[in-house]
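Student: The residues making up each chain are set out below.
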Amino acid sequence: MIRSAVKSASELCGQSDLSRAVDEFATCTSVELLQGTLFEIRFHAPRVAAAAAPGEFAQLLVDEGQVPLLRRPFSFSRVDISEGTVSFYLAAVGRGSSRLRLLHPGDRIRVLGPLGRGFSLPSSPGRSLLLAGGLGAAPFPLLMDQLIGRGEEVIWLNGSRSSSELYPDHLLPSGIQSRLIRTQDGSKGDPGLVTEGLPELMGVVQRIYACGPNPMLAAVYRSWASEVAAGHTAASLEVSIEAPMGCGFGTCLGCAIPLAAEGDESGPIGLCCRQGPVLPAQQLNWDQLLNQPAHLG
Amino acid sequence: MTMDPAVSLGRGLVLPNPVGVASGTFGYGFEAERMGPIAHLGAVYSKGTTLLPREGNRPPRISETSAGMLNSIGLQNPGVEVVARDYAPRWREWSVPVVVNVAGAGITEYVEVCERLSDVAGVAGLELNISCPNISHGMDFGTDPKRAKALVEAVRRVTELPLIVKLTPNVTDITEVGRAVEDGGADAISAVNTYLGMKISVKERKPVLPGMGTAGLSGPAIKPLALAAVAKLRRAVELPLIGIGGIGSTEDALEYLVAGADAIQIGTANFYRPGVSAEVLSGLIQFATDNSLQSWRDLRWSD
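Just so you know, the sequences run in chain order Z and G. Numbered according to this note's numbering, the first sequence terminates at residue 297, and the numbering increases by one at each position without gaps. Numbered according to this note's numbering, the second sequence terminates at residue 600, and the numbering increases by one at each position without gaps.
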């Protein structure tokens, strides 16, 4: 395990700016229950809201009573700076998220953020493909909002196992150029996986942003890499990934992610919270990433 | 408050107050420095540092348990050269004393790391980690009193820096190792490191964390166990004691001072409450004022 000083993760990929993070006592303003276990929870947290950028995340202290002990990291889903609110889109599947679903307007919890590195935004307008699988839709409404505000054309490709897991239309911003739906069971939109038909789409955009389960992202990456190699697209690909996370600001070293070094399959270990959660796809070692669990639950 | 909150750990190491942050929960202090003030701290105990850089274990590395967490980081660190050359000059600018936690695979490595740090400005002391559960042989020194004593003696010969020895609780009798490191020339003892633990995934029918599946348990779950270890050590050794294990509030810190600790380290709570150390310190000061303490030792349990 001892390795001589090669390029470090932060030299290779940069790192998050921790000076922007604020641990704010936030007041829950709404919990909107959606299909199944899905819900969107909103907090009044004006200092966090003022600093939040697309793809960045906050660490929510669900309970000060030590169960669950660790905070839960969620990407900012929607932000309203004028109202000072931040919203998170999640599913009540684990101990943390299930407790959050039971919060009521007026309840107060600590929200630490913004943390991590988010999506890069274009300097001049073009066309972006935003590709989400299931809960991976979470960071995209905020990203869309900012892209559309910059004059970008947005193609929204939302896939899930079934229609009950799709991101709800009424929470999306207006101005989306085109919307494509894929469900594995065919209950809405085209039947199949989000990766089907991707090569054609990749050829007509300058930027691709993807978020979803790691196996889906790996498939997107492979499709993209072969299109780039074949000269069929020059689009960039940024992915937002997950890893079991402790602190969110780089001290627990828990959220290790395998990076790819240039010309070397096995790069250094990075941290999802400092080098990610959004990374250019080529900076990740996808084979190793697929062999690790996604989150604490 | 009229009481001086400072704490002496021996060999000239005087902490401005008893509230420190534990090794492995605060990096080398630079992340926290970016996020807020750290000047209030009594001490920063750095991430465990080895002779050469270590990449650490492959993920997954952490898992949550009831009121606790398991970690198997595997001593990821940049190596002593980077610490001495790049980090220490930054610590010189701080008012907070920085104690470097030192780990090694054998006596030679511990000695070399300590020697390298000995005359480095910005390093206020050394904490020998003879208790890491996540590298092979890391815990051997901490479970065998003879080897623990030999290690402390060897390090003592190469450094004049204050020497703290961090003990593992994964022993039958922690006081045997405590007495051994006292005999070996340690200036203070910190107790305890993590407890060996495991989490099982029934779905996968195997441990959640890789390898043998064992990892270090920390957090509020271990506080009663760690308090008992500190209280036992207090009756066995004369050295200053630094209590560690599940501290996340003023009340927790006070309990350790009553049990016999001279100072404390906040660990896992730094992960979910980055501002916790300032709150604990102001709570302690308030308590001292309200109760007209002359010294933290007034709190100590004696019967």
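What the hints contain is simulated information worked out from the structure, not anything from laboratory work. Treat the numbers as computed from the prediction; the structure is a model and nothing was measured. Hints may contain errors.
The calculated EDC-like cross-link candidates involving lysine to aspartate or glutamate, where the alpha carbons are at most 20 angstroms apart (straight line), are [claimed, not checked]:
1) Z:Lys7 to G:Asp383
2) Z:Lys7 to G:Glu378
3) Z:Lys7 to G:Glu352
4) G:Lys529 to G:Asp595
5) Z:Lys7 to Z:Glu262
6) G:Lys529 to G:Asp441
7) G:Lys529 to G:Asp480
8) Z:Lys7 to Z:Asp23
Student: Run the distance test for Lys7 of chain Z versus Glu352 of chain G: straight-line Cα separation, threshold 20 angstroms.
Tutor: holds, 12 angstroms
Student: Would the pair Lys7 of chain Z and Asp23 of chain Z pass a check requiring their Cα atoms to be no farther apart than 20 angstroms?
Tutor: violated, 32 angstroms
Student: Is Lys7 of chain Z within 20 angstroms of Glu378 of chain G, Cα to Cα?
Tutor: Given that 20 angstroms is the threshold and the Cα spacing comes to 16 angstroms, the pair holds.
Student: Keeping to a limit of 20 angstroms between CA atoms, is the pair of Lys529 of chain G and Asp441 of chain G held or broken?
Tutor: Roughly 18 angstroms between the alpha carbons, so the hint for Lys529 of chain G and Asp441 of chain G holds.
Student: Tell me if the straight-line CA distance from Lys529 of chain G to Asp595 of chain G falls inside 20 angstroms.
Tutor: holds, 19 angstroms
Student: Does the alpha-carbon distance linking Lys7 of chain Z and Glu262 of chain Z stay inside the 20 angstroms limit?
Tutor: Measuring from Cα to Cα gives roughly 10 angstroms; hence the hint holds.
Student: Taking only the CA atoms, is the gap from Lys529 of chain G to Asp480 of chain G under or equal to 20 angstroms?
Tutor: holds, 17 angstroms
Student: Between Lys7 of chain Z and Asp383 of chain G, does the CA-CA distance stay at or below 20 angstroms?
Tutor: holds, 16 angstroms
In terms of the numbered hints stated before, the structure departs from hint 8 and from no other.
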